[in-house]
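Peer 1: Protein sequence lines correspond, in order, to chains G and U. With our numbering applied, the first sequence has no gaps in its numbers, which climb one by one up to 148 at the end. With our numbering applied, the second sequence has no gaps in its numbers, which climb one by one up to 172 at the end.
Honestly, the hints are just simulated from the structure, not real lab data. For each residue, glycine too, the CB sits at the ideal point set by N, CA and C. Any given hint could be a false lead.
Reference excerpt, derived from the structure (chain U facing chain G, CB under 8 Å, subset only) [as the list claims (entries may be wrong)]:
1. Thr16
2. Met17
3. Ser20
4. Tyr26
5. Leu38
6. Ala40
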Amino acid sequence: MDVLSAPYVLEYTYQRSTGPVIGRFLTALRDGRLEGVRTTTGRVLMPPLEYDPATGEATGEPVPLPPDGVVTTWAWVATPRPGHPLDRPFAWALIRIDGADTAMLHAVDAGAADAMRTGMRVTARWRAERTGSILDLACFVPVAGEAP
Amino acid sequence: MSDDAPDAAATAAPVTMVPSHVRLTYTVTAGRHLSSYLRALADRRIVGGRCPVCTKVYLPARGACPTCGVPADQPVEVADRGTVTTFCVIRIPFEAAPFPPPYVAVAILLDGADMPIFHLVRGIAPEEARMGMRVQARWVADDQLGPTLASIRWFELSGEPDAAYETYANHL
Ligand SMILES: [Zn+2]
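Start from the sequences, fold in the hints, and give me the full structure.
Peer 2: Listed below in structure tokens is the structure:
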């Protein structure tokens, strides 16, 4: 006997409050800027956190950062899935922005896996229409002229 | 920002909220016993499965009796009327709500079944909802029947006197 099957979609249309620190980070993204945060020990966290993971103390003032950084580790996604930031093969990478002491997770649009390497320099590609979301940062791209 | 963006003050205000949508797209496979239950509904019939040991009628049929650990695959047709064992009045609107609130969701012990099914009761004020109400299925039109519990639009009062608590006390 044939068994029945049917599509079944579960959807939750939540909104989340950002809190002051993440809200400031997202507001800067909407403006096309990267902004980290300084801890009481002087380290710069990017992306910013409300509390210093090392000491548990509240973090301090925002730190403007450039849109450039270095790939510290990466994984190639040969077959992007629905919901991924790019619809073509890309790398998930940890990127340490210049001036920051921590790395952020984002996508690198490098074209092919052999264009990726740890230590490569990348720069942000911004979305034209920005809403105050991590996706305002469309992805990072290899810095032109750098040998792969 | 595009020219038709919302007013400048709103877009310049600090970000305090972000959409955080979760969407999970499954394909549910009913399996053999649930499939036979669903197919019967397209035929205006409600079919469960009886355990040969404890004689309980599972609705929908589930293939095995969890108490006795034996196949519970004797098909049994149950009535399309039964007794409301518990109920809940929905007063808060939500996107997929079948009706504007308030409306009444119930667990119904259909005559001949040992497991209640969940459905809606229409035609009564929420204040009238009570345990023990006798209700009758209101099926959809023939051309809307399908292998789904939605083949029953809702239940309505059958006109019978309420069932005594003892008759469903073991099925709550
Ligand atoms: Zn049994």
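Peer 1: Hints first: check each against the structure and report whether it holds.
Peer 2: Each hint tested on the structure:
1. Thr16: With a minimum Cβ separation of about 5 Å from chain G (threshold 8 Å), the hint on U:Thr16 holds.
2. Met17: U:Met17 check passes; min Cβ-Cβ to chain G is 5 Å, inside 8 Å.
3. Ser20: U:Ser20 check passes; min Cβ-Cβ to chain G is 4 Å, inside 8 Å.
4. Tyr26: Since the shortest Cβ distance to chain G is 4 Å, the answer is holds.
5. Leu38: holds, 6 Å
6. Ala40: Violated, because the Cβ-Cβ distance from U:Ala40 to chain G comes to roughly 12 Å (cut-off 8 Å).
In summary, the one numbered hint that this structure violates is 6.
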